[in-house]
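Protein chains in written order, with the working numbering: chain A, 12 to 334; chain B, 733 to 1025; chain C, 273 to 508.
Calculated directly from the structure, the hints in this document are not laboratory data. Careful: at least some of the hints might be erroneous.
Capping the alpha-carbon separation at 25 Å, the derived lysine-lysine pairs in PhoX-like fashion look like this [unchecked claim]:
hint: 1; chain 1: B; residue 1: K962; chain 2: B; residue 2: K978
hint: 2; chain 1: B; residue 1: K979; chain 2: B; residue 2: K846
hint: 3; chain 1: B; residue 1: K978; chain 2: B; residue 2: K827
hint: 4; chain 1: B; residue 1: K1011; chain 2: B; residue 2: K769
hint: 5; chain 1: A; residue 1: K64; chain 2: B; residue 2: K861
hint: 6; chain 1: B; residue 1: K893; chain 2: A; residue 2: K92
hint: 7; chain 1: B; residue 1: K779; chain 2: B; residue 2: K893
hint: 8; chain 1: B; residue 1: K962; chain 2: B; residue 2: K913
hint: 9; chain 1: B; residue 1: K979; chain 2: A; residue 2: K64
hint: 10; chain 1: B; residue 1: K880; chain 2: B; residue 2: K913
hint: 11; chain 1: B; residue 1: K785; chain 2: B; residue 2: K1011
hint: 12; chain 1: A; residue 1: K64; chain 2: B; residue 2: K1011
hint: 13; chain 1: B; residue 1: K782; chain 2: B; residue 2: K979
hint: 14; chain 1: B; residue 1: K805; chain 2: B; residue 2: K846
hint: 15; chain 1: B; residue 1: K1011; chain 2: B; residue 2: K880
hint: 16; chain 1: B; residue 1: K785; chain 2: B; residue 2: K994
hint: 17; chain 1: B; residue 1: K960; chain 2: A; residue 2: K64
hint: 18; chain 1: B; residue 1: K962; chain 2: A; residue 2: K64
hint: 19; chain 1: A; residue 1: K64; chain 2: B; residue 2: K956
hint: 20; chain 1: B; residue 1: K779; chain 2: B; residue 2: K994
hint: 21; chain 1: B; residue 1: K880; chain 2: B; residue 2: K893
hint: 22; chain 1: B; residue 1: K859; chain 2: B; residue 2: K782
hint: 23; chain 1: A; residue 1: K92; chain 2: B; residue 2: K846
hint: 24; chain 1: B; residue 1: K782; chain 2: B; residue 2: K913
Per the computed footprint, the stretches of chain C lying under chain B, defined by three or more beta-carbons under 8 Å from a beta-carbon of chain B, are [said to hold, decoys possible]:
hint: 25; region: 340-350
hint: 26; region: 372-382
hint: 27; region: 434-447
hint: 28; region: 459-466
Pair ranges (Cβ atoms, derived) [stated by the list, open to error]:
hint: 29; chain 1: C; residue 1: T417; chain 2: A; residue 2: I286; range: 34 to 40 Å
hint: 30; chain 1: B; residue 1: S770; chain 2: A; residue 2: G95; range: 47 to 53 Å
hint: 31; chain 1: A; residue 1: E74; chain 2: C; residue 2: P317; range: 43 to 49 Å
hint: 32; chain 1: A; residue 1: G208; chain 2: C; residue 2: K430; range: 27 to 33 Å
hint: 33; chain 1: A; residue 1: P230; chain 2: B; residue 2: N804; range: 16 to 22 Å
hint: 34; chain 1: C; residue 1: L494; chain 2: A; residue 2: R52; range: 27 to 33 Å
hint: 35; chain 1: A; residue 1: Y292; chain 2: B; residue 2: D986; range: 47 to 53 Å
hint: 36; chain 1: B; residue 1: N804; chain 2: C; residue 2: L494; range: 31 to 37 Å
hint: 37; chain 1: A; residue 1: A143; chain 2: C; residue 2: V277; range: 25 to 31 Å
Quick reminder that beta carbons are idealized off the backbone N, C-alpha and C, glycines included.
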Amino acid sequence: MNQQQSVLYDNPGPRARRITLIGSVIAVIGIAAFLYFLVYRPLEENGQFEMEKWGPLVDPNNEVFPLVWARLRDGFIATLKAAGLAVVGSLVVGVALAVLRVQLKALRERRFVGLPAPAALGLRALSWLLNAITRFCVEVFRGLPVVITIFFVATALPDLGVDFGDRLWYLVLGLTIYNSVVIGEILRSGMEGLPGGQREAALACGLSSFQITRMILLPQALRIMLPALISQLVVVLKDTSLGFIIGYEEVLRVSAFLIGNLENPIQVYAVVGAIYIVLNYLLSKLAEYVQRRLAKGRKTKGLPPIDVMTPARAGADGSGAAA
Amino acid sequence: MRISRVATLAAVAALTLGVAACGGDDSDDAGTAPESKSFAAGTTMEKLNKAQKIIIGTKFDQPGFGLKGLDNKPAGFDVEIGKIIATELGIPESKIEYIETPSAVREEVLEQGKADIVVATYTINDKRKERIDFAGPYYVAGQHIMVKASDSSITGPDSFKAGGKKVCSVAGSTPAANIEKYLADKVAQLVVFDVYQKCVDALNGGQVDAVTTDNVILTGFIAKNEGKFKLAGQKFTDEPYGIGVKKGDTAFRDFINDTLEKIYADGRYAKAWTETAGKFDSAVPTGPSINRY
Amino acid sequence: MSVLVDNFDVFAGGLWVTFQLCVFAAIGALLIGTLVAVMRIAPVPPLRWIGTAYVTVFRNCPLTIVLFFAAFALPALGSNADFLRIPGLTSISSRLGNDLPYFRFAIIALSLYTGAFVCEAIRSGINAVSPGQAEAARAIGLTFTQNLRLVVLPQAWKSAIVPLGSVIIAMIKNSALAGFFGVVGDLSSSGTNLTSQGGEPIIPVFVGICIGFLLMTVPLGLLLDRVERRRAVGVR
């Protein structure tokens, strides 16, 4: 898996290999016994393996099989649609947010020399205020459960007279608010983590502050943070499942309807869960592949290795493993 | 006492079923080729009839009343009532649009005009009447308690007062609010889920001692899980289900009320019941008297 | 805003329940995560397989589904999670000993789900320990367990602390979902209950819930910022 692990123990000799083998056998037997006695048997006794419950999901000859899968397919399409829109939205807003925060930070450090004192003071106060506001918004939305954000976007906005009609947009908006803040922070810490020489060299070339951000910092930050960004996309895909709370007909909501008709909750959720796992697994494999490609390419020095395994750990970001 | 009530209901059922057979044909005709109807100018009826389109708000997850089926169309008693009203407006079944109206949004949906009528196990009460108007009632449900068949310790809501007995209902629903009054300790005795099926699973698994909600939902579960569950005691509330319309639209409300009285008489009401909720509770209810306030 | 004042006890009670849930789930997740991390680097292949399978499943499955299985598949397995009724602890947290098992189910679900992320955070910490450390430990004759216990894990913990903090903050936020799976009276469920049943206006209730969650997440986040900044200074 990695070199680290082989460092932890010596290459096994004949005795260690024997012990390992015995250990393996015992472990396998233990797992098998655990699964049989504590999982399979009770489920069997509860009738959870009856074809009546599994048939509609796994037996193509079952009369409702095509209907069930047509519904699930619609549900997954709805899930992917919401996830796709939320991803695009969060990327766009996230990049804008990161640029804004970096710009504001640069602005705050400016002394506005050459302007009359009151104007300079006013501008500094303004930039401080803007900084504080964006910081506040970021902290608030990063610290809130995304469920709560989605729920209240969906209930409060219509009260305020903002009506999207389709529930899809509430879900997308809720997800976008949360994830753009997270992505913004990932990119910001990526930009701030770049060696100071980059900015200084660009300044020396005569680029303006905005040009530096746009042409020098952002492209590098995007590249470095790509694995973390992709992991965040897995999070978005998983979070789409929260749409069931506001009645968006994504796959979990569809599952609830199926369960209402078929009365086999454990079976339906097992199938849906498995599909989710496969989808997200493929996505995270993609993340690993991208990371490997990047590692093979140019080496960036002076930066800590980015671990895809811990999504979005960049900066002191608190979002990581959101559901 | 109980037997005689059942017998009466059965008699009524038989009677109405007979009528339903005759009445059924009429409504089928009306469903396929709606006769052109004319309404007084300026009324909601005329507007809907002209547009040849109606939006009905209903539940999508309430077995027996409004549940989205495997064919992606909602089905149930509420849906049938909605269809009948559409038919009476001269709108064919294919032109009905259904939107989901969970309990929390029903008033909003009407106020904002997102639905023309809401038929969604909608209990008539004064607080709601401040925001919208109700036609009907078209059905009177009542809150009941379901327990395991072997359990004789719970005889009614008062059995929870001593504490210790646990009960399950659905979050944010009227039944959940009603039973709370009877609990000694809410935290230790009440659990809520998003759908009743989960409550039934919990009762089956022994995590709770009882499930409480409207009787027809419970009879549904009792019928499906033969011999496992039973009702405890008598129903202890009356929940008249009404049809929500926009506040102040008296003409439309009167029209729906007339329609309801008409279908009580011509058997379409009973037919709608036997085809849907009747699968859970075969006793066809008599149409409750309309409350024209 | 009077809603906040009038229902102060509701919000405070909700915060207390959510807080308890988070503390227990965090302990559970750290235990599970460490165990799985050790399994993933163990010399016995089946243990590694289990560890990998565990992380793959729980990292890629929405928490909603995990919570569902905790609340409905566990009873089907005949368990009410009574092993969590730890004597002594139940007197501090009455919820733990409650006859209604959903609080315990939520702890299990959150622990299992977060455990996978904790495992990855610790693994990233282990990766950050310089290989020379482990090699030196091996050279002086330490066994695998000694190596882990005395040399690698203590150092791994140190560099894993920031990612671990992020994971725990994420878990606190995730705990909001428990209210939708039978846990009565936590912050999110009591808040939504106020609007749906009590008919209270949405915005103030939203603000109340926000304050509750931010009271838990923001201090932790600031603490992490600090730890990270101090470490960054130390490295330089």
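Cross-check of the supplied hints:
At most 25 Å may separate the alpha-carbon atoms for a hinted pair to count; K962 (chain B) and K978 (chain B) exceed this at roughly 39 Å. Proposed proximity of K979 (chain B) and K846 (chain B) is supported: the alpha carbons are some 14 Å apart, at most 25 Å. Of the supplied pair hints, the one linking K978 (chain B) and K827 (chain B) holds, its CA atoms being roughly 21 Å apart against a limit of 25 Å. For the suggested pair K1011 (chain B) and K769 (chain B), the alpha carbons sit about 33 Å apart, so the restraint of at most 25 Å is broken.
A distance of roughly 43 Å separates the Cα atoms of K64 (chain A) and K861 (chain B); the hinted pair therefore is violated under the 25 Å criterion. In summary, the hint linking K893 (chain B) to K92 (chain A) is not supported, as the alpha carbons are separated by about 49 Å, beyond the 25 Å threshold. Our distance criterion of 25 Å between C-alpha atoms is broken by K779 (chain B) and K893 (chain B), whose separation comes to about 53 Å. Of the pairs offered as hints, the one joining K962 (chain B) and K913 (chain B) holds, with about 23 Å between alpha carbons and a cut-off of 25 Å not exceeded.
With a CA separation close to 45 Å, the supplied pair K979 (chain B) and K64 (chain A) exceeds the 25 Å bound. The suggested pairing of K880 (chain B) with K913 (chain B) holds, with an alpha-carbon distance near 23 Å, which does not exceed 25 Å. Note on K785 (chain B) and K1011 (chain B): the hinted pairing is violated, with a Cα-Cα distance of about 30 Å set against a maximum of 25 Å. Straight-line distance between C-alpha atoms of K64 (chain A) and K1011 (chain B) comes to about 20 Å, which keeps the hinted pair within the 25 Å bound.
Simply put, K782 (chain B) and K979 (chain B) have alpha-carbon atoms about 22 Å apart, close enough for the 25 Å limit, and the pair holds. The hinted pair formed by K805 (chain B) and K846 (chain B) meets the criterion: a straight-line CA distance of about 19 Å does not exceed 25 Å. With a CA separation close to 21 Å, the supplied pair K1011 (chain B) and K880 (chain B) stays within the 25 Å bound. Straight-line distance between C-alpha atoms of K785 (chain B) and K994 (chain B) comes to about 22 Å, which keeps the hinted pair within the 25 Å bound.
Between K960 (chain B) and K64 (chain A), the direct Cα distance comes to roughly 19 Å. Compliance with the 25 Å bound is thereby established for this hinted pair. Restraint check for K962 (chain B) and K64 (chain A): satisfied, since their Cα atoms lie roughly 24 Å apart, inside the 25 Å limit. A C-alpha spacing of about 14 Å is found between K64 (chain A) and K956 (chain B), which places the hinted pair at or below 25 Å, so the restraint holds. Restraint check for K779 (chain B) and K994 (chain B): satisfied, since their Cα atoms lie roughly 22 Å apart, inside the 25 Å limit.
A threshold of 25 Å between alpha carbons decides the hint, and for K880 (chain B) with K893 (chain B) the separation of about 19 Å falls inside it, so the pair holds. The suggested pairing of K859 (chain B) with K782 (chain B) is violated, with an alpha-carbon distance near 33 Å, which exceeds 25 Å. Among the hinted pairs, K92 (chain A) with K846 (chain B) is consistent with the structure: their alpha-carbon atoms are about 24 Å apart, no more than 25 Å. Taken as a hint, the K782 (chain B) and K913 (chain B) pair is broken in the structure, with Cα atoms around 49 Å apart against an allowance of 25 Å.
Here's how the region 340-350 of chain C fares: 4 of its residues keep a CB closer than 8 Å to some CB of chain B, so the rule of at least three is met and the hint holds. Only when three residues or more bring their CB closer than 8 Å to a CB of chain B does the claim for the region 372-382 of chain C stand; here the count is 3, and the claim holds. Only residues whose C-beta sits within less than 8 Å of a C-beta in chain B count toward coverage, and the region 434-447 of chain C has 0 of them, not enough to reach three; the restraint is violated. Chain B is given as covering the region 459-466 of chain C, and this holds because 3 residues of the stretch bring a CB closer than 8 Å to a CB of that chain, at least three being needed.
Taking the beta carbon of each, T417 (chain C) and I286 (chain A) are about 39 Å apart, inside 34 to 40 Å as hinted. S770 (chain B) and G95 (chain A) have their C-beta atoms about 49 Å apart, which keeps the hinted 47 to 53 Å range intact. Distance hint for E74 (chain A) and P317 (chain C): a CB-CB separation of about 45 Å, consistent with the stated range 43 to 49 Å. Under the hint 27 to 33 Å, the C-beta atoms of G208 (chain A) and K430 (chain C), about 29 Å apart, fit the expected range.
In this structure the hint that P230 (chain A) and N804 (chain B) lie 16 to 22 Å apart at CB is violated, the actual value being about 46 Å. A beta carbon spacing of about 50 Å between L494 (chain C) and R52 (chain A) contradicts the range 27 to 33 Å that was offered as a hint. At about 60 Å, the beta-carbon gap between Y292 (chain A) and D986 (chain B) misses the expected band of 47 to 53 Å. For the pair N804 (chain B) and L494 (chain C), the supplied restraint of 31 to 37 Å is violated, since their beta-carbon distance comes to about 49 Å.
About 27 Å separates the C-beta atoms of A143 (chain A) and V277 (chain C), a value consistent with the hinted range of 25 to 31 Å.
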